[in-house]
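Enquirer: Same order as they appear, the protein sequences are chains A and B.
The numbers in my numbering rise by one with no breaks, and the one at position 74 of the first sequence is 74.
Residues are numbered in my numbering as their position in the second sequence, beginning at 1, plus a constant of 1000.
Hints are computed from structural coordinates only; laboratory data are not their basis.
If you're wondering where the values come from, they're calculated on a predicted model, not measured in any experiment.
Hints may contain errors.
As the list claims (entries may be wrong) - Derived DEER-like restraints, expressed as beta-carbon distance ranges:
1. A:Pro100 with B:Ile1384: 25 to 31 Å
2. A:Ala80 with B:Thr1279: 54 to 60 Å
3. B:Trp1388 with A:Gly193: 47 to 53 Å
4. A:Tyr15 with B:Leu1025: 42 to 48 Å
5. A:Gln137 with B:Thr1381: 44 to 50 Å
6. A:Gly27 with B:Trp1388: 38 to 44 Å
Said to hold, decoys possible - The list that follows gives simulated cross-link-like pairs (lysine-lysine, DSSO-like), each with its CA atoms no further than 30 Å apart:
7. B:Lys1213 with B:Lys1157
8. A:Lys119 with B:Lys1172
9. A:Lys119 with A:Lys132
10. B:Lys1213 with B:Lys1172
11. A:Lys163 with B:Lys1325
12. B:Lys1172 with B:Lys1157
13. A:Lys212 with A:Lys163
14. B:Lys1393 with B:Lys1325
15. A:Lys119 with B:Lys1157
Note that the Cβ used here is the ideal one computed from N, Cα and C, for glycine as well.
What follows is each chain in one-letter form.
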Amino acid sequence: MSEAVIRVVGLGKSYATAAGLFPALKGVDLAIRPGEYIAIMGPSGSGKSTFMNLLGCLDTPTIGDYWLAGENVAQMDNDALARLRNRTLGFVFQGFNLLPRMSLQDNVALPLVYAGVDKETRRAAARELLAKVGLGQYAESLPNRISGGQQQRVAIARALVNKPRLILADEPTGNLDSHTSEEIMRLFGELNGEGITIVLVTHEPDIAAHAKRQVRFLDGQIVGDHLTEHAP
Amino acid sequence: MMKPMLGEAWLAMGANRLRTALTMLGMVIGVGAVVIMLAIGQGAQYAVQQTISTMGSNLFIVLAGSFTAAGVRSGSAGGPTLTVGDAEAIAELDGVANVAPTHQGSRQLVYGSQNWSTQVIGTTPPYLDARAWNVVNGAAFGDSDVRSSTRVALIGKTVAENLFGDEDPVGKTMRIQQNPFMVIGVLGSKGQNLDGRDQDDTVIIPLSTAQRKVFGTPFLGSVRMIMVQAESAEAMPRVEAGVEALLRQRHRLREGSPNDFFMRNLSAAAESEAETTRTMSILLGAIASISLLVGGIGIMNIMLVSVTERTREIGIRMAIGARQKDILAQFLLEAVMISFAGCLLGLLLGLAIALGINAVTGMVVVISGSAALIAFAVAATVGIFFGWYPARKAARLDPIEALRYQ
Ligand SMILES: Nc1ncnc2c1ncn2[C@@H]1O[C@H](COP(=O)(O)OP(=O)(O)OP(=O)(O)O)[C@@H](O)[C@H]1O
Ligand SMILES: [Mg+2]
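So here's chain A without its partners, still in its complex pose:
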């Protein structure tokens, strides 16, 4: 068994609320190997997004350990975390989160700006990825000129531009109709086929069925973890 790309041990997160500390995540253990394709399921409020934000180095755990690509994230400073977000992982949001004033090409290239890549290389990489997600002809358009499904494809291209080891996606099809969702899932399937590790959150069983492994959350804990029976 190759080394886990993600390993969390006893990971917990509590939010301070008016009623006191609220434990959204209560000691989660999980290991994800390179090349895996995991769907996280569970009822609303079960802690899925909380968990994804911790995996994405966007938030810090209250307790527990997190190794990303063999490095202990808990001991990292802000700059090192930014570097992980920039190079090691790509995050895809439910609401796409493209920058509205920038062309699609510039949106896709933005992570490369923060990686210090030169302009020509940035342009070429952004063009290549836009073509890969089927939107090459819209490179100069602004995000509000294209549909939600297309915007999500641009967001995926942006997540991929720095050649990350894994993609984290929190309800990537949550704002899309079922036909567009299928297209997005096909894209994820292709990426996984190329060896990229994928972790995505979804409420819908037929979306989750695209993944190879399904993890179920309930009340901030993992209550189920099994391989998908009829992988398409």
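We have chain A; now place chain B with the ligands onto it with these hints.
Expert: Just chain B with the ligands now, with coordinates in the frame of chain A:
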């Protein structure tokens, strides 16, 4: 890193043009005032130096007649009060370098078909020494010319150009009041004086000739003005006091009666004029600093609004790998760019107004590269100083909080 950020800052500024323009206004006015202040201040400095160097140093003049308390000049009842004898007596005083009795007025010159109206100065040879004025073509007249009232003239550059054109004036004969005068020399150029008058537009002739042939004084030997040069700046007060005492004695003025002459320190007059201008430029400096302060606070305010409005954008940037220093640099750059744009407009505005002042009032303004440099340095400082706090606020946002912001 810097280049894409410049482009983005430009976009952000353009996204809200009216707001950006209003924000810049304080900077525009502030920098404009700085530029005008420097132009006028340096202009005053330059004008004084220029005046003193062309006028001659340590000079004062004694004028015939007196000034009453109300400032009205009243000629003495017994006619002109200053005489050539007074001038000769002053020359004997200790600490006096040069004394030149003069008589001047405006007259028409004629040469061939050309004529030109100019200031005619009748004086003695020490006048040229006192004013450090040299003859560049030909030669000056001497004491013998004054004694025998010869009709010779030294002309200024402007007169030479207007009356003689391309001809060499030396040796030519022109007419002043129907009297033929031979031009024996052309004076070196002195340019404008503090009042903007062309000092080269003048003719200098022997005093006695002027009195006899040009101005026609009823009392020969009386003069309107005596120019006195002290040996040094330190000697000035002593010489002034000495001249006053001497003249009162010679004019037999009783104790308590007013002087029948008036003394004016030319160097001090130039200085005091410059002082007025300097005060004005200090006032402008005050306006400038207040405008820059207000402009800076305006920039800070708009940047704080911008950070709040763009919280989500900041969250997205952090999620894809922006470091705190990237966000800091982005907002700081935006503040500095607004500041610079304001500075550029202020520079143009200040230049236009400074040139306008020069055109309308004739006041000397000096526009130097250092003024522009100072303005830009000020703008950069204001932008960084007032942009720092909002930029730091943006950089310290928590990524997940920023992403949740609606
Ligand atoms: N910033 C916060 N402050 C306080 N409580 C929070 C915060 N974020 C999440 N919670 C709470 O933590 C719990 C888990 O939230 P989380 O967003 O992880 O759920 P989820 O599984 O993603 O739900 P959904 O399926 O609706 O997206 C919820 O009860 C939520 O109210
Ligand atoms: Mg969620």
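Enquirer: Evaluate each hint against the coordinates.
Expert: Status of each hint after checking the structure:
| no. | hint | verdict |
| --- | --- | --- |
| 1 | A:Pro100 with B:Ile1384: 25 to 31 Å | holds (28 Å) |
| 2 | A:Ala80 with B:Thr1279: 54 to 60 Å | holds (59 Å) |
| 3 | B:Trp1388 with A:Gly193: 47 to 53 Å | holds (49 Å) |
| 4 | A:Tyr15 with B:Leu1025: 42 to 48 Å | holds (45 Å) |
| 5 | A:Gln137 with B:Thr1381: 44 to 50 Å | holds (47 Å) |
| 6 | A:Gly27 with B:Trp1388: 38 to 44 Å | holds (42 Å) |
| 7 | B:Lys1213 with B:Lys1157 | holds (23 Å) |
| 8 | A:Lys119 with B:Lys1172 | violated (76 Å) |
| 9 | A:Lys119 with A:Lys132 | holds (20 Å) |
| 10 | B:Lys1213 with B:Lys1172 | holds (19 Å) |
| 11 | A:Lys163 with B:Lys1325 | holds (23 Å) |
| 12 | B:Lys1172 with B:Lys1157 | holds (15 Å) |
| 13 | A:Lys212 with A:Lys163 | holds (22 Å) |
| 14 | B:Lys1393 with B:Lys1325 | holds (11 Å) |
| 15 | A:Lys119 with B:Lys1157 | violated (63 Å) |
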